[in-house]
Amino acid sequence: MTPRHRSIVWSFTRHSLLLCGAAFILLPFLWMISTASKPQTEIFTKSIHFIPHSFALWDNFATAFGKANLWRFLVNGVVVTVSIFLLQVLIALPAAYALAKLRFAGREVLFALVLFCILIPPQATAIPVFLLFHKLGILDSYAALIVPFTISAFGIFLMRQFFKTVPDDLIEAARMDGISEFGIVWRVMLPTAIPALTAFGIFSVVAHWNDYFWPLIVLNSEHLRTPPLGVASFRNEEAGTNYGPLMAAAIVIIAPLVVAFLLAQRRFIEGITLTGIK
Amino acid sequence: MVAPAFTLMCLLLLGPLLGVIALSFTDYQLGSPQFSWIGLANYQDMFGDRVFWLSLRNTLTYVAIVVPAAVALGLAVALLIESGGSLRTWYRTIYFLPVMATLIAMSIVWEFMLHPQFGLINGLLHGIGFEGFSWLQDRRTALYALCVIGIWQALGFNMVLFLAGLVSIPRQLYDAAEIDGAHGAWARFRLVTWPMLGPTTVFVVVITGIRSFQVFDTVHVLTKGGPSKSSEVLIHTMYVESFEFFRSGYGAALTVVFLVFVLLLTLIKSALANRGVHYA
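Protein chains in written order, with the numbering used here: chain A, 6 to 283; chain B, 626 to 905.
Hints in this document: simulated from the structure, not taken from any laboratory.
Some clues are possibly wrong.
DEER-style ranges, computed between Cβ atoms [unchecked claim]:
# : chain 1 : residue 1 : chain 2 : residue 2 : range
1 : B       : 759       : A       : 24        : 29 to 35 Å
2 : A       : 63        : B       : 710       : 37 to 43 Å
3 : A       : 112       : B       : 654       : 38 to 44 Å
4 : B       : 759       : A       : 143       : 17 to 23 Å
5 : A       : 143       : B       : 660       : 18 to 24 Å
6 : A       : 192       : B       : 632       : 41 to 47 Å
7 : A       : 14        : B       : 815       : 19 to 25 Å
In the BS3-like style, the derived pairs of lysine-lysine whose C-alpha atoms are separated by at most 27 Å in a straight line are [unchecked claim]:
#  : chain 1 : residue 1 : chain 2 : residue 2
8  : A       : 106       : A       : 169
9  : B       : 849       : A       : 72
10 : B       : 894       : A       : 169
Covered, in the sense of this in silico footprint (three residues per stretch, anywhere, with C-beta under 8 Å from a C-beta of chain A), are these stretches of chain B [said to hold, decoys possible]:
#  : segment
11 : 680-694
12 : 759-769
13 : 772-782
14 : 869-878
Just so you know, these numbers come straight off a predicted model, no measurement behind them.
Glycine included, C-beta positions come from ideal geometry on N, C-alpha and C.
So that you can see chain A by itself, here it is in the shape it has in the complex:
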């Protein structure tokens, strides 16, 4: 075999293997869209076909929106994820600035604590935080969904690493201009940190939009349900009978993040794999 032939054979092998894998990865997405486009009679049949004979996607969306309060779930998802992110930034940025640029007693201990807190899995603190919220009487509220995540040790760590790279001269100049330390955080440090903050924002929003464990524990009321809880409860009510609308609802729930991802892939991959740089 000449090298040219070999490279054609290899290229063929590479694409066939990758396409097989891609088929496995895409299968659930294709089947979801296909099922959401089929009328009931075509769903409950043993013959496999991906393209529906009669197109029922809009009917299924209408049924899904009629039976489950999907708009409400999406709005809840936005309220919760945006609030979490804003509060995380509000709390983490001053701490990150202090840990990176200020000298004070106990700084090293505090930073060690931050590193330790990154390792605590969210399931580990669930019972005590639940009991605390029960005592405070704030279970089953937006606060219960948001408050536990206002502190992000990972956010503090990440922003601290970034702030370390900001030159001290910039801060000195701001101090000369009479800007307060808090002013420096928001008016000098924040603008330099936009790329890091965007990546962290994506990381945070994706994690909390998709979170199921904590909302499941603290929520009872239907009107507070986040997207994953909403689609899960819709499925429980329609168990095994109404797959068309159910798949349509699944599309609605995953659409915001998937569309955002397709539009800004690099940023999303950067954000989601942030944990990879630890």
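Given the structure of chain A, go ahead and fit chain B onto it with the hints provided.
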């Protein structure tokens, strides 16, 4: 400046962490007016409970299947993507999709695909002459079906980490290996790629391991640990005990077991990282 962050860290992370350990030595139940220290009784109960051992065994099985598969496939896909020039971004996007898509919604899709009568999987199996399974309703297959979903979801994340690792390998090393007589893809992989990916691989294995120990979403939505506890896993048992039966003390003891495993993985990671898997 650090006061708000420090206060919240104590209140929402460190305090609860100590709290859960303390709670595991009590018989506290939500709603009961008093509780008492009962020493190791929760742990004795736990070690005497068949469900705990099933749950632990299933969790370890899940980890033992998902971690090697998701790591090996993630590496394979990353290598295949890197080895050629065309369609890179397309493949990367496709393989990363499951990481983005809300797992609960996709679990429901998988449930329908695994439907015994009208599911796609059994339909395809019938097409090539096989008898299908009631995947999620059969105690022989339920856990393995969940493993497949776990691998499907974790693969793309690992691929991206490996891609980042591959990009950072200096080209000269391959040239040097070539001069030293390393011809062929396998020799290049064994002599350069694999050792240089050491730190990345350790990290990917540990993070996939920790995430697999946390498996909950798919179990809760698809099987509730059944049939007859065949897919019961640690965090699901903890959830049921703590938040359905409100046996907070016992749930805390289960949490501590979970923490021990996560800690163990973290220790393995730092031990390996310090033992010179860095070749660069």
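Taking the hints in turn, this is what the structure says about them:
no., hint, in the structure
1, 759(B) <-> 24(A): 29 to 35 Å, "holds, 30 Å"
2, 63(A) <-> 710(B): 37 to 43 Å, "holds, 41 Å"
3, 112(A) <-> 654(B): 38 to 44 Å, "holds, 42 Å"
4, 759(B) <-> 143(A): 17 to 23 Å, "violated, 42 Å"
5, 143(A) <-> 660(B): 18 to 24 Å, "holds, 22 Å"
6, 192(A) <-> 632(B): 41 to 47 Å, "violated, 25 Å"
7, 14(A) <-> 815(B): 19 to 25 Å, "holds, 22 Å"
8, 106(A) <-> 169(A), "holds, 7 Å"
9, 849(B) <-> 72(A), "holds, 25 Å"
10, 894(B) <-> 169(A), "holds, 26 Å"
11, 680-694, "violated (count 0)"
12, 759-769, "violated (count 0)"
13, 772-782, "holds (count 4)"
14, 869-878, "holds (count 3)"
Hints 4, 6, 11 and 12 from the list above are not met by this structure, while the remaining hints are.
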